[in-house]
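*Asks:* Letter by letter, the chains look like this.
2 protein chains.
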Amino acid sequence: MKCNTNPVKGMRDFLPSEVRLREYLTGVIARTYAQHGFQRIETPAVEHIELLQNSEGGENLALIFKILKRGEKLDLTKASQNEDELVDSGLRYDLTLPLARFYANQRARLPEPFKAWQIGTVYRAERPQKGRFRAFTQCDIDILGEASEIAELELIHATAEALKAIGLRGFTVEVSDRRVLAALVAALGLDTALTPLVAVCIDKADKIGWEKVIEELVKQGIDQIAAAGLVGVMQSLSLGNLAEHGVSSSVVEALSGVVETAATFAGGDYNVRFAPTLVRGMGYYTGMVFEITTAELGLSVAGGGRYDGLVGKLCGQSVPAVGFSIGFERIVLLLEQQGFTPPVSIPSVALLYNRGECTAHSVITAAEALRQQGYAVRTLPERAKLGKQLSQLEAEGFAGYYSLAKMELVMFERA
Amino acid sequence: MKCNTNPVKGMRDFLPSEVRLREYLTGVIARTYAQHGFQRIETPAVEHIELLQNSEGGENLALIFKILKRGEKLDLTKASQNEDELVDSGLRYDLTLPLARFYANQRARLPEPFKAWQIGTVYRAERPQKGRFRAFTQCDIDILGEASEIAELELIHATAEALKAIGLRGFTVEVSDRRVLAALVAALGLDTALTPLVAVCIDKADKIGWEKVIEELVKQGIDQIAAAGLVGVMQSLSLGNLAEHGVSSSVVEALSGVVETAATFAGGDYNVRFAPTLVRGMGYYTGMVFEITTAELGLSVAGGGRYDGLVGKLCGQSVPAVGFSIGFERIVLLLEQQGFTPPVSIPSVALLYNRGECTAHSVITAAEALRQQGYAVRTLPERAKLGKQLSQLEAEGFAGYYSLAKMELVMFERA
Numbered sequence: 001m002k003c004n005t006n007p008v009k010g011m012r013d014f015l016p017s018e019v020r021l022r023e024y025l026t027g028v029i030a031r032t033y034a035q036h037g038f039q040r041i042e043t044p045a046v047e048h049i050e051l052l053q054n055s056e057g058g059e060n061l062a063l064i065f066k067i068l069k070r071g072e073k074l075d076l077t078k079a080s081q082n083e084d085e086l087v088d089s090g091l092r093y094d095l096t097l098p099l100a101r102f103y104a105n106q107r108a109r110l111p112e113p114f115k116a117w118q119i120g121t122v123y124r125a126e127r128p129q130k131g132r133f134r135a136f137t138q139c140d141i142d143i144l145g146e147a148s149e150i151a152e153l154e155l156i157h158a159t160a161e162a163l164k165a166i167g168l169r170g171f172t173v174e175v176s177d178r179r180v181l182a183a184l185v186a187a188l189g190l191d192t193a194l195t196p197l198v199a200v201c202i203d204k205a206d207k208i209g210w211e212k213v214i215e216e217l218v219k220q221g222i223d224q225i226a227a228a229g230l231v232g233v234m235q236s237l238s239l240g241n242l243a244e245h246g247v248s249s250s251v252v253e254a255l256s257g258v259v260e261t262a263a264t265f266a267g268g269d270y271n272v273r274f275a276p277t278l279v280r281g282m283g284y285y286t287g288m289v290f291e292i293t294t295a296e297l298g299l300s301v302a303g304g305g306r307y308d309g310l311v312g313k314l315c316g317q318s319v320p321a322v323g324f325s326i327g328f329e330r331i332v333l334l335l336e337q338q339g340f341t342p343p344v345s346i347p348s349v350a351l352l353y354n355r356g357e358c359t360a361h362s363v364i365t366a367a368e369a370l371r372q373q374g375y376a377v378r379t380l381p382e383r384a385k386l387g388k389q390l391s392q393l394e395a396e397g398f399a400g401y402y403s404l405a406k407m408e409l410v411m412f413e414r415a
Numbered sequence: 001m002k003c004n005t006n007p008v009k010g011m012r013d014f015l016p017s018e019v020r021l022r023e024y025l026t027g028v029i030a031r032t033y034a035q036h037g038f039q040r041i042e043t044p045a046v047e048h049i050e051l052l053q054n055s056e057g058g059e060n061l062a063l064i065f066k067i068l069k070r071g072e073k074l075d076l077t078k079a080s081q082n083e084d085e086l087v088d089s090g091l092r093y094d095l096t097l098p099l100a101r102f103y104a105n106q107r108a109r110l111p112e113p114f115k116a117w118q119i120g121t122v123y124r125a126e127r128p129q130k131g132r133f134r135a136f137t138q139c140d141i142d143i144l145g146e147a148s149e150i151a152e153l154e155l156i157h158a159t160a161e162a163l164k165a166i167g168l169r170g171f172t173v174e175v176s177d178r179r180v181l182a183a184l185v186a187a188l189g190l191d192t193a194l195t196p197l198v199a200v201c202i203d204k205a206d207k208i209g210w211e212k213v214i215e216e217l218v219k220q221g222i223d224q225i226a227a228a229g230l231v232g233v234m235q236s237l238s239l240g241n242l243a244e245h246g247v248s249s250s251v252v253e254a255l256s257g258v259v260e261t262a263a264t265f266a267g268g269d270y271n272v273r274f275a276p277t278l279v280r281g282m283g284y285y286t287g288m289v290f291e292i293t294t295a296e297l298g299l300s301v302a303g304g305g306r307y308d309g310l311v312g313k314l315c316g317q318s319v320p321a322v323g324f325s326i327g328f329e330r331i332v333l334l335l336e337q338q339g340f341t342p343p344v345s346i347p348s349v350a351l352l353y354n355r356g357e358c359t360a361h362s363v364i365t366a367a368e369a370l371r372q373q374g375y376a377v378r379t380l381p382e383r384a385k386l387g388k389q390l391s392q393l394e395a396e397g398f399a400g401y402y403s404l405a406k407m408e409l410v411m412f413e414r415a
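Protein chains in written order, with the working numbering: chain A, 1 to 415; chain S, 1 to 415.
Read the hints as simulated data drawn from the structure, not as lab findings. This structure is a prediction, so every number in the text was calculated from the model and none was measured. Among the hints, a few may not be true.
Said to hold, decoys possible - In silico DSSO-like cross-links for lysine-lysine, where the CA-CA straight-line distance does not exceed 30 Å: (1) A:Lys164 x A:Lys204; (2) A:Lys313 x S:Lys73; (3) S:Lys73 x A:Lys69; (4) A:Lys9 x S:Lys9; (5) S:Lys9 x A:Lys313; (6) A:Lys207 x S:Lys69; (7) A:Lys207 x A:Lys9; (8) S:Lys164 x A:Lys73; (9) S:Lys164 x A:Lys69; (10) S:Lys73 x S:Lys164; (11) A:Lys73 x S:Lys313; (12) A:Lys78 x S:Lys164; (13) S:Lys73 x A:Lys204; (14) A:Lys164 x A:Lys73; (15) S:Lys204 x A:Lys9; (16) S:Lys385 x A:Lys69; (17) A:Lys219 x A:Lys204; (18) S:Lys9 x S:Lys164; (19) A:Lys204 x S:Lys69; (20) A:Lys69 x S:Lys207; (21) S:Lys73 x A:Lys73; (22) S:Lys73 x A:Lys207; (23) S:Lys73 x A:Lys9; (24) S:Lys130 x A:Lys73; (25) S:Lys78 x S:Lys130; (26) S:Lys212 x A:Lys130; (27) A:Lys73 x S:Lys204; (28) A:Lys130 x S:Lys69; (29) S:Lys78 x A:Lys78; (30) S:Lys313 x A:Lys219; (31) A:Lys78 x S:Lys207; (32) S:Lys313 x A:Lys9; (33) S:Lys207 x A:Lys73; (34) A:Lys9 x S:Lys78; (35) S:Lys204 x S:Lys164; (36) S:Lys9 x A:Lys78.
Said to hold, decoys possible - According to the in silico footprint, chain S covers these stretches of chain A (three or more CB under 8 Å from chain S): (37) 96–107; (38) 378–392.
Yeah, the Cβ is synthetic: ideal placement off N, Cα and C, and Gly gets one too.
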């Protein structure tokens, strides 16, 4: 079996040092979310294809990995007409849709409001490029069943605290509201049902620039002057002039309240501001939306918003919902760039033995004695070039080594 | 979007209490393996279809979830001939094959011997039944690059220690060797290349009984008398009479040595014995094989063995390898049956507030003050029926509640 030993295109193997950083990060985030009363749930990576394809996942719908039907259900003669005849499930592209399905299914057994946190791998068949992968970790908190802005504020507070626990400072929490965009769309004389489509176009401004956003809006059937006007107004918005542009006073109050209150919890550690051009790219947001950006990356490291309609579509009963997702992979990248090394929980010792000169019994007995002293112990055959082996062990992070021949524990001197 | 909100057939959603148990278990196993010097790696759940289909996974090859090719690569006109024209990847059915691919790919960057541990979800499209799932967690340790029995002994020791740390006692480590079976096959005048096939048949004895095993062997082309003889001899084997049945003295010595040495580390906590009929169902084992069974379940809770050929097939260079896998799902089941509750790391307090009577600012400020005192805090609106709400909170595991109206922390009295 001569075979390609690389991982599948766009996916990654993780070496022990990479896993260590990812686990450290997961642990810090998990602890913060548990302190804030969130409960972890898990759903399968595989979902019904109808659920995935009928969702409001925007551009992600074109990126679904589809799984072939099995056995009698697979009728290959139907294939030439439509690939969808061949598949009945697919890999999830985010954690929000599975959460909505989970909640619709398990609601009777869950507390209300339900504060969930999740971490898991999601899959998108994007064109692989630097920093973009086809399998990546998402890390979400969501509050379901709470209509008031306390939900938004708790998510912003918990997410910011998680980023602080990771060691980030000086980031900016940006807040806006889909209802602001809806008011602008209405002020242009357009149907507010167009708001999600307009949001998907505007969300691309960072990538393609405002000129091209206007072109995209025109493609959606909005006339050139209206599109340019909308973009101009958006950039000029502030909490003070929202009312002049037709945004209702309740929305202005809610938005101002969240920005002001969130700022009081920020202290000097991070900033909170109204970001008029923030809209987020998913179709399902209905209210406030937020992102966190860092100066280091110049990129968003967290994003979320209110999606009151999504759960209702699945369970037939309206359920208010808000979520905030940490960009796990971007934070891993940031920490790697900074040369961050996770703290060691137990010191490690390498137990070196001579092959042939000692029994497995003596090796394991000596290792066990060192474990009783509180060390993590890896047994290794001693190499001919001991000096080189010891340098490698020190570089790998061992605190010291034990020579079975000399029955001697030697700790490395730390720089 | 009216949609089935159940998870995909054979897969599971996990409620917070279920995740808590699974995370506790993962944590105990992770700590034990780290103490024994194993390093965690991760590979993607998606693998190349050629790798999966050309592997020696026995009956698992028929159970692969296959993923549709994308874009131009997908030629639907070819579908009517062969479904394999439509797919280029699939979900992994175990963690051993991905480890072998990982090692073949990354060998230059890994220590030698390499002691790996993994935990992850694997997928098999089995007929769903009680206790059998289409997505389940596996938890493996492997040693690559060590030909001597110290590898077997370290895996047995570390796995038994992990089970002890979970709280299991009185289990039995069963040890045998594929080379014993190969000797029996040779003694019958058959080609030893048949050994893996014979092993797959014999491995079914627990499920289908020995009569049917003989039928299966006959189906593989072995004559009735030889098959019955083989089964009879297997059941009569002991470490003392292996030599009489053509097993080489080096194999007898290795097997006796591992059983005796492993027993010295067992103390009174578990048993170690030679199990003549143990063969394991995967085609790739080449040497010793082992299983751990518990009296409680009457089932194997861990299994593994030596597979010296597998990595070599992928990297073109022979690499000795041994692995041991804990049956994570079976242990979860066992702990659930025993009503086990994982210990609480930080005590939780519910902060109860009256909607409308207080600001989000006051709620979050009070929650933060309780967090500073070391509590995990979940904020919840106080319900009209407070007594019922408090009973529910206590049942859910909260240590107490804080009434924002009364500014009072009340701890529940523990039974």
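*Asks:* Would the hint linking Lys78 of chain S and Lys130 of chain S be met if the CA-CA limit is 30 Å?
*Replies:* Given that 30 Å is the threshold and the Cα spacing comes to 38 Å, the pair is violated.
*Asks:* Tell me if the straight-line CA distance from Lys207 of chain A to Lys9 of chain A falls inside 30 Å.
*Replies:* 24 Å, holds
*Asks:* Confirm or reject the coverage of the segment 96–107 of chain A by chain S under the rule of 3 or more residues with a beta carbon closer than 8 Å to the chain's beta carbons.
*Replies:* holds (count 5)
*Asks:* Holds or violated: Lys73 of chain S with Lys9 of chain A, Cα cutoff 30 Å?
*Replies:* The hint holds at about 14 Å.
*Asks:* Measure nothing beyond the straight line between the CA atoms of Lys204 of chain S and Lys9 of chain A; if it is 30 Å or shorter, mark the hint as holding.
*Replies:* 37 Å, violated
*Asks:* Has the given pair, Lys313 of chain S with Lys9 of chain A, been kept, meaning a C-alpha gap of at most 30 Å?
*Replies:* Status holds; Cα separation ~22 Å.
*Asks:* Below or equal to 30 Å on CA atoms is what counts here, so check Lys73 of chain S against Lys73 of chain A.
*Replies:* 23 Å, holds
*Asks:* Lys164 of chain S and Lys69 of chain A were given as a pair; does the straight-line alpha-carbon distance stay at or below 30 Å?
*Replies:* 42 Å, violated
*Asks:* Between the alpha carbons of Lys313 of chain A and Lys73 of chain S, is the straight-line distance 30 Å or under?
*Replies:* 35 Å, violated
*Asks:* Quickly compare the C-alpha distance for Lys9 of chain A and Lys78 of chain S to 30 Å and report which way the hint goes.
*Replies:* Roughly 23 Å separates the two Cα atoms, so the pair holds.
*Asks:* Within a Cα-Cα threshold of 30 Å, do Lys212 of chain S and Lys130 of chain A meet the stated pairing?
*Replies:* 55 Å, violated
*Asks:* Is the straight-line distance between the alpha-carbon of Lys73 of chain S and that of Lys69 of chain A 30 Å or less?
*Replies:* Distance ~19 Å between Lys73 of chain S and Lys69 of chain A Cα, so the pair holds.
Violated hints, listed in ascending order, are 2, 8, 9, 10, 11, 12, 14, 15, 16, 18, 25, 26, 30, 31; each of the other numbered hints is respected by the structure.
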